[in-house]
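Peer 1: Protein chains in written order, with this note's numbering: chain A, 17 to 311; chain B, 19 to 327.
Derived by calculation from the structure, the hints in this document are not laboratory data. Any given hint could turn out to be false.
[Stated by the list, open to error] No more than 20 angstroms apart at the CA atoms, straight line, and that leaves these computed lysine to any residue pairs for SDA-like: (1) B/K187 / B/Q197; (2) B/K187 / A/T69; (3) B/K187 / A/Y250; (4) A/K265 / A/T190; (5) A/K76 / B/L162; (6) A/K129 / B/K187; (7) B/K138 / A/L255; (8) B/K165 / A/V55; (9) A/K76 / B/I224; (10) B/K187 / A/N125; (11) B/K204 / B/K187; (12) B/K187 / A/T53; (13) B/K268 / A/E260; (14) A/K234 / A/K265; (15) A/K131 / B/L162; (16) B/K313 / A/N125.
Fair warning: this is a prediction, and the values are worked out from it, not measured in the lab.
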Amino acid sequence: MSVSASTRSRGLRPSLREALSGYGFILLWLIGFALFTLVPLAQTFYYSLNTVTVGVDGIKLVPVEWGNYARALFTDPNFIELLIGYAIETAVSVPIILIFSMLIALFLNLHFKFKGVFRTIFFLPVVITSGPVIQELTAQGATSIPGLAQSPAVAEFLIQLPGYLRNPVQYLLTSFILILWFSGVQILIYLASLQKIDASIYEAAAIDGASPWEAFWKITLPSLSTTTLVIAIYTVISLSHFSENKVVKYIYRQTYAVEGGIGYASAMSFIYFLVLALLLAGLYLFLNPRPQSNA
Amino acid sequence: MRRPSLDTLRGFLFGNRASYGVLFTASLYLLLIAIGFVYLYPLLFMLVTSFKSMDDLLNPMVQWVPTQLYLGNYLKAYRVLDYPAKLAASALVSLTPSLIQAAVCSLVGYGLARYRFPGKTLVFALILATFIIPAQNTVIPQMLTYKQLGLLGSLWSMLLPASLGQGYKSAIFILIFFQTFQTLPKVLEEAARLDGASDLTIFFRIALPAAVPAYVVSIIFSTVWYWNETYLTVIFLEGGVQTLPMQLSKFVQAYENLYPPGTVNIFDRLNEAVKLSGTFLNILPLLLMYFVLQKWFVESVERAGITGE
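Just chain A, same shape as in the assembly (with noise of 0.2 angstroms):
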């Protein structure tokens, strides 16, 4: 078998051979790809452009152009306002999971007894949270700051607070812990890139009488720039794509409501698409480390 094998290949270039048996492993990729992806998107960027009714019959379409996307971003009371309000509870969340993520990895990095049960503990929502899960636990009250979501003086606070605060800092206050949970990954990856830091250049900074607040800013946080740039990324995905999360919800019951229809959630979702690309390429210029061109 084999020395047919290998005097069949002999006859192509070893480079050529090699694409070959490269292109083999990742084939059933590639051919998923095209039918779980590719042919989807494009289909569903299809029924965007029309009115999709599915009968007995079958699926029926009438075109009706940008009807669709006009509808959602200036007919629809709804979906703007869950837009606007994912872009700033993104916008919130982000910044709070990087910090205490990098906070906890930063302790957890630190030598000290029963580290291994605060790893543990950090780690557990990512096994549990669920949509349903989360949903029930918001509606007992139990992910909000103990006892500060339903003190009056905080009720009075929120009252004085103009429209377009309320609502992310109401979303903060109900929502804190929840926020919290989405940081279990990330600490790990944290903790990864800290111990990759090597112990030398702490010792040399030390030695040159840099203080440990210095050797931070200095040392710790631009080795993880890289880091972070990935860690947010990710985050930003994992809110987008949570299934709790309000936009995503909004175009799920629109696909089966009558007066929404599967056009009209095809069109809601590239427009959620798009934002989020949005949201990520603005990410992206923020944080990524400046490249070096004019060493």
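Following the hints, put chain B in place on chain A, whose structure we already have.
Peer 2: Chain B in isolation, oriented as in the chain A frame:
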């Protein structure tokens, strides 16, 4: 004589080169315990509430310690969730796609790590794209196709994408395997190639055994993520296979079917304790799995060789 003892005291309290000092260590523990408590507060709240009887729920004096270990909520939640059947369904829906997903993603990751071919950068970009594109942008046509094929509600609707490398969060697993295979030494594989071994033989005999930790990490994470996934399962499986989270989201309705509101006395009405018992039963299998396999979870990033880059 005075100076050294003062130094020792200062070192003891504020730390020196050898240790952090008592004050620092104590405040570190205090801080971590406080943060840990807030972090786990929803779980503790759920656990305590789920053991409360109707009397305890109505009694404002009972906050953290129920007067008795009341199990009635769990008995009701167990029946409402139809626990054994839904547990088995959840296990099936999360385990089988995960096994297939790990197998396929390892092939893809190996191909990307070991072979040079034109268009590799594009393939990486597309893999990243599958991670970014929200499910709702691709899920409706799939659902309609499954409906035509009569696969809606069956396990196949989860297995087919997984077997072609498009399972839930497949991009992460491809990257895990890519990283793993890239860090493994090539020497053995090259020696085997000189001996005339085929590409697949090399993969199965040499690469795969060396990547066992990556497989374990992938299967564990994939199982957890499939278990907790409800967006796809609701769209693809509703009306057919019912998982635990799906049943939990219909808890109120299922409860009222079993205990019709008009016919039961006040103690058997649906209350938050029963709901939270149901929620806890929902996450219990994952919690057990987590505590048994916790080393694999918290060391996953190191073991699978994923770093920030």
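Peer 1: Run every hint past the structure and note whether it holds.
Peer 2: Hints and how they fare:
1. B/K187 / B/Q197: This hinted pair holds, its Cα atoms lying about 16 angstroms apart.
2. B/K187 / A/T69: violated (31 angstroms)
3. B/K187 / A/Y250: Cα-Cα ~12 angstroms, so holds.
4. A/K265 / A/T190: Since the Cα atoms of A/K265 and A/T190 sit roughly 19 angstroms apart, the hinted pair holds (cutoff 20 angstroms).
5. A/K76 / B/L162: holds (12 angstroms)
6. A/K129 / B/K187: Cα-Cα ~35 angstroms, so violated.
7. B/K138 / A/L255: violated (29 angstroms)
8. B/K165 / A/V55: holds (17 angstroms)
9. A/K76 / B/I224: At roughly 53 angstroms apart (the allowed maximum being 20 angstroms), B/I224 and A/K76 break the hint.
10. B/K187 / A/N125: violated (28 angstroms)
11. B/K204 / B/K187: Between B/K204 and B/K187 the Cα gap is close to 28 angstroms, so the pair fails against 20 angstroms, i.e. violated.
12. B/K187 / A/T53: Holds, because 13 angstroms separates the two Cα atoms, which is no more than 20 angstroms.
13. B/K268 / A/E260: OK: B/K268 and A/E260 at ~15 angstroms, within 20 angstroms.
14. A/K234 / A/K265: Violated, at about 43 angstroms.
15. A/K131 / B/L162: With a Cα-Cα distance of about 50 angstroms, the restraint between A/K131 and B/L162 is violated, given a limit of 20 angstroms.
16. B/K313 / A/N125: It holds: about 17 angstroms lies between the C-alpha atoms, which stays within 20 angstroms.
In summary, the numbered hints that this structure violates are 2, 6, 7, 9, 10, 11, 14 and 15.
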